[in-house]
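Here are the chains, one letter per residue:
2 protein chains.
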Amino acid sequence: MKDLESLSATQAIKALSKREIKATDLLLSCLDRIGQKESVVKAWASLGKENALSRAKQLDKGAFQGLLHGLPIGVKDLYDTYDLPTSYGSPIYANHYPVADAVAVALLRQSGAIILGKTVTTEFATFKSGLTTNPHNPKHTPGGSSSGSASAVADFMVPLATGSQTAGSIIRPASFCGVVGFKPSHGKVSIAGIKSLSVTLDTMGCFGRTVEDVGLGVAAMSGDHRLAKIEVLHNKPRIAICKTSSWPFAQKETATALAVARHAAERVAKGTVIDQKLPKTCDGLTQAQTRIMISEMSRSLTFERVHYAKKLSPQLLKQLSEGAEISYEQYAKDLSLADKSRAAMEDLFNNEVDILIAPSANGEAPLTKDGTGDPLFSRAWTLLGLPCININVGTGPNGLPVGVQLIAGPGKDHFLLSAARAFTLALPDPTLRDQA
Amino acid sequence: MKDLESLSATQAIKALSKREIKATDLLLSCLDRIGQKESVVKAWASLGKENALSRAKQLDKGAFQGLLHGLPIGVKDLYDTYDLPTSYGSPIYANHYPVADAVAVALLRQSGAIILGKTVTTEFATFKSGLTTNPHNPKHTPGGSSSGSASAVADFMVPLATGSQTAGSIIRPASFCGVVGFKPSHGKVSIAGIKSLSVTLDTMGCFGRTVEDVGLGVAAMSGDHRLAKIEVLHNKPRIAICKTSSWPFAQKETATALAVARHAAERVAKGTVIDQKLPKTCDGLTQAQTRIMISEMSRSLTFERVHYAKKLSPQLLKQLSEGAEISYEQYAKDLSLADKSRAAMEDLFNNEVDILIAPSANGEAPLTKDGTGDPLFSRAWTLLGLPCININVGTGPNGLPVGVQLIAGPGKDHFLLSAARAFTLALPDPTLRDQA
Chain A
1 MKDLESLSAT QAIKALSKRE IKATDLLLSC LDRIGQKESV VKAWASLGKE NALSRAKQLD
61 KGAFQGLLHG LPIGVKDLYD TYDLPTSYGS PIYANHYPVA DAVAVALLRQ SGAIILGKTV
121 TTEFATFKSG LTTNPHNPKH TPGGSSSGSA SAVADFMVPL ATGSQTAGSI IRPASFCGVV
181 GFKPSHGKVS IAGIKSLSVT LDTMGCFGRT VEDVGLGVAA MSGDHRLAKI EVLHNKPRIA
241 ICKTSSWPFA QKETATALAV ARHAAERVAK GTVIDQKLPK TCDGLTQAQT RIMISEMSRS
301 LTFERVHYAK KLSPQLLKQL SEGAEISYEQ YAKDLSLADK SRAAMEDLFN NEVDILIAPS
361 ANGEAPLTKD GTGDPLFSRA WTLLGLPCIN INVGTGPNGL PVGVQLIAGP GKDHFLLSAA
421 RAFTLALPDP TLRDQA
Chain B
1 MKDLESLSAT QAIKALSKRE IKATDLLLSC LDRIGQKESV VKAWASLGKE NALSRAKQLD
61 KGAFQGLLHG LPIGVKDLYD TYDLPTSYGS PIYANHYPVA DAVAVALLRQ SGAIILGKTV
121 TTEFATFKSG LTTNPHNPKH TPGGSSSGSA SAVADFMVPL ATGSQTAGSI IRPASFCGVV
181 GFKPSHGKVS IAGIKSLSVT LDTMGCFGRT VEDVGLGVAA MSGDHRLAKI EVLHNKPRIA
241 ICKTSSWPFA QKETATALAV ARHAAERVAK GTVIDQKLPK TCDGLTQAQT RIMISEMSRS
301 LTFERVHYAK KLSPQLLKQL SEGAEISYEQ YAKDLSLADK SRAAMEDLFN NEVDILIAPS
361 ANGEAPLTKD GTGDPLFSRA WTLLGLPCIN INVGTGPNGL PVGVQLIAGP GKDHFLLSAA
421 RAFTLALPDP TLRDQA
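Order-wise, the sequence lines are chains A and B.
With the first letter of the first sequence counted as 1, position 198 gets the number 198 in our numbering; the numbers rise by one all the way through.
With the first letter of the second sequence counted as 1, position 276 gets the number 276 in our numbering; the numbers rise by one all the way through.
Derived from the structure by calculation, the hints contain no laboratory data.
Heads up, none of these hints are tricks.
Derived lysine-lysine pairs resembling DSS-like cross-links, with alpha carbons at most 30 Å apart:
1) B:K333 <-> A:K340
2) A:K340 <-> B:K280
3) B:K22 <-> B:K229
4) B:K280 <-> A:K412
5) A:K310 <-> B:K61
6) B:K128 <-> B:K37
7) B:K270 <-> B:K280
8) B:K280 <-> B:K412
9) A:K49 <-> B:K310
10) A:K236 <-> B:K333
11) B:K61 <-> A:K311
12) B:K333 <-> A:K412
13) A:K333 <-> B:K412
14) B:K229 <-> A:K333
15) B:K49 <-> A:K310
16) A:K310 <-> B:K57
17) B:K340 <-> A:K236
18) A:K61 <-> B:K310
Derived coverage of chain B by chain A (criterion: at least 3 residues anywhere in the stretch with Cβ under 8 Å from a Cβ of chain A; other residues may be distant):
19) 98-104
20) 181-194
21) 219-228
22) 295-305
23) 327-336
Where is the CB? At the ideal position from N, CA and C, for every residue including glycine.
The whole structure should be built from the sequences, with the hints applied where relevant.
Below, the structure written as structure tokens:
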């Protein structure tokens, strides 16, 4: 079998479970692809080739191990791995070998996944980018902070890779790279063993090339194996478009993407898809998210600021100072706004709508020299803790991918996957359809 | 000045800030006390004498550093410290030196605290006890899992020490050792850099000998410096006694403690103190907490189970198996019950009551051979995420301390401290009063 690296995770695992393909061959295909493309894409902070190969051989010989038996995956270099260096995107931790795996990594391995390597993250998952380029055009950013994971999956180097989102670090890179990015409900995947920016916001998830694949990934990472089996939608879901208060910042391609999404959603909903504003309570949520994030960051990175200030980038140091300037009163007020907004959104999802569709980013991936893009369109959803998934719906003026995000009510991760799958199948361009 | 080790944290810092005493002398007094008592109490997993002394000298020479300038503190050995071994109470991690401080530890140091050493915790903060004894009677347990911290503070080895609570590991040892234990709102203190059992439940807090002291501690650990200044209660608080559904397990001394507490509460409330049942929604919360805890533990300790099963105690392995047996459906149902119960409690605190008073434990500290005691009376409060504080109200038939816990509404940590201080002053026995 050729081109194993182009199989989706779901396809690969099906073939692996029937012993039609070998984990070793799948891994070698991925390594081949990395060999061809890494010098341009620069998705990897480190590769664990030898360990991965011996693990693959073991799995090929042994019994079927679990959900991800024999699947090579990439792990964002913000997650602790005991056998691969874990730098958190910072020179402070170059060559740091953690004493244990992050909980999510241990669960991935337990389900039979092969950790192929660590993918590049921005500095402590903030805004100073690594070297990774966008596989669709190396002059453009893959987005951040989960840069390497999004690029590696988009470029067929690996079928699945982990990410994390504190502002917009799963949804935005997924949109920029044209892959599926799944940020499940806040707290669904344990944050233990992941370098923390903001416990209130940090949310773990993953990238894949199909909706099924990210369901599989989060099923293994969280232990909620129900997510590995996506159910067919039986009822007509109530879907609405939510442009959000950040709409004035959306570029033309984002408006087009939302129009395309509306048509597909109408097919899924078998009826009209209305526009839905966020409840009045949610006003100011985007600004609150920014303040909560930098306020918590200024505390979370205290050790690094005290011991290694010279190894922090000037832009991060500036953010830490800004965060330290925010009064605890303001921070507490912002947390309280978030609590009230979560309750208002729960009401909205109970009474009005099942799925919201919103922009994933301002537009196409900007040029690398202009940064990793703006998480503006994800900040509020992250603070609300709602499950979100990015689905590519087309390309922009530069031929780069543009996605939209589907958002479900609190804890409705499983339903979100069902809706996202139906949505993908309803998209006009068959090449964009779920291939699983 | 003699007996510096018997000063409360608040008294010590007042004297330190006026340069009436030296951090070095305070530290030496604590070390003296440890020298005299440690062979029996066994509160310390490790001591960092040299580092602590050089830090004390530095602080004596330099400008006033912050809230905890020059105060020696103990850190539960579940918190990462870069300069002291961090074993999490497990032989797996004997001599492990983390690469960075836990966020709370970095914040403590930043506020001028001197980390004197690491205090004994049970195995991964679960139920297999360490060697620590109860300073009131070495045949009895100090409680767990924050055994060393509670004992060290009770025995005047250190004025302040950190703890963590997943079931009842701050409130119970505080009650058993007769000190003030403060479990602030869930999420108030960052869990980053603390070995995780259950992200849903793990809550960081501290032990002190006065209400002011634990306010100071959590102020520094969280960055919420408002907690360092306890306000006088101006209005009459609505206080109620909440015996909880676990009341049948309360021993006689706990009933007496609650009666004493009622009288003191009546003085604070300037009126009758009623009995308050938990809302019907909260039925089953204690059982839900147990399932959530062991279900999350079975995932959190995957790495250790896979790599070091032989170094885990049989009782922990058994708990991990039991946790793995709980279906995700059940776990999700329990989380959902917790969400609904939190909302019901918010309503209760908005409309009916300001402070609840409940048992801290079944009774006095049991004999060491019978384990570390039962967290039964704390499980529901921990899952609810409400701020709780243990106040000693007397002694039981064996002459060992018995406390009650005061509980406030969500996020009302500051108010809880005010109420607890007023409550302490209203207690009949002046020797039990807040000395600050």
